[in-house]
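The listed protein sequences derive, respectively, from chains G and W.
Going by the working numbering, the first sequence opens with residue 179, and the numbers climb by one from there.
Going by the working numbering, the second sequence opens with residue 31, and the numbers climb by one from there.
To be clear, the hints were calculated from the coordinates, so they are not data collected in a lab.
All C-beta atoms, glycine included, are put in the ideal place defined by N, C-alpha and C.
The hints are all genuine.
A few chain G residues facing chain W, derived, Cβ under 10 Å:
#, residue
1, Y214
2, Q216
3, P222
4, Y276
Pairs of lysine to aspartate or glutamate residues, derived as DMTMM-like cross-links and limited to a Cα-Cα distance of at most 25 Å, are as follows:
#, chain 1, residue 1, chain 2, residue 2
5, G, K272, W, E83
6, G, K220, W, E105
7, G, K272, W, E84
8, G, K272, W, D80
9, G, K220, W, E114
10, W, K43, W, E114
11, G, K215, G, D227
Spelled out, the chains give:
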Amino acid sequence: GENVEQHPSTLSVQEGDSAVIKCTYSDSASNYFPWYKQELGKGPQLIIDIRSNVGEKKDQRIAVTLNKTAKHFSLHITETQPEDSAVYFCAASKGGSYIPTFGRGTSLIVHP
Amino acid sequence: EAGVTQSPTHLIKTRGQQATLRCSPISGHTSVYWYQQALGLGLQFLLWYDEGEERNRGNFPPRFSGRQFPNYSSELNVNALELEDSALYLCASSPGGFSGANVLTFGAGSRLTVL
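Here chain G stands alone, though its shape is the one from the complex (with noise of 0.2 Å):
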C-alpha cells in the first residue's frame, strides 16, 4: 500500500520567516496530495491540495509544489504568523476506492 513519509516531525521558527514541510510518497499512481492544518482541540482543516497534472499552486502565503517523478511534494508558507503555530498533515491519495493516506504531522511554532 502507499506510504508516506514526512518531515520534520517539529519546525521552530520566527514570525516572519518561511517554513518548509516535505512529504514523500511510495506508490507512482498517487495523483491528489492535500495538506491539512489541525489547531489545538480542532478536526484538521483542509488549506491546500494540489493534483498530478500540476507541478505548484499558491494560495496568498501558502504554496504547495509536487515533482512527480521524485515523489516528494512540499508546502511553503511565506511570512509566517503565530496563528500559524499548528499540526500539519500531508496526504496522498489515488482517488476511487482507494483510502488517502496521512503522513506522521509537523508541528510548527511560530515565535512572536
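Starting from the known structure of chain G, fit chain W onto it as the hints suggest.
Positioned in the frame of chain G, the structure of chain W alone reads:
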C-alpha cells in the same frame, strides 16, 4: 452550511466497556471515514462507509465496528475497551462515489479516554 458534526465531544469509559461515537456528514456527502488519532501516531484509518456499505477497513481488530444509516450518518462502536484505545476519533465526509479524488472534510473529533 453545517460541517461534519461529531458527538460526544468527550467520553470517559473504563476497560472492558463499550463506546459509541456518532457522526453526521456534510449535507449531500455520502461517504464517511473514521480515523483514530492517538498521541504521536498521526491519523490511522479505521473504516470507510459509502452509500450504507462498508467499503474498506484499516488494520484494527474486529472490536472496532460501525455502520452507516440511510441518512448517511454513521456510528463507530468500540467493544471491550482497552487502555490503548484512548485517542481522538475523527470522522470525515466526502461527496462519495468511486471516481475522482477523495476530498475529505473532518469534524472536530470525539476524545475517548479509557481508564
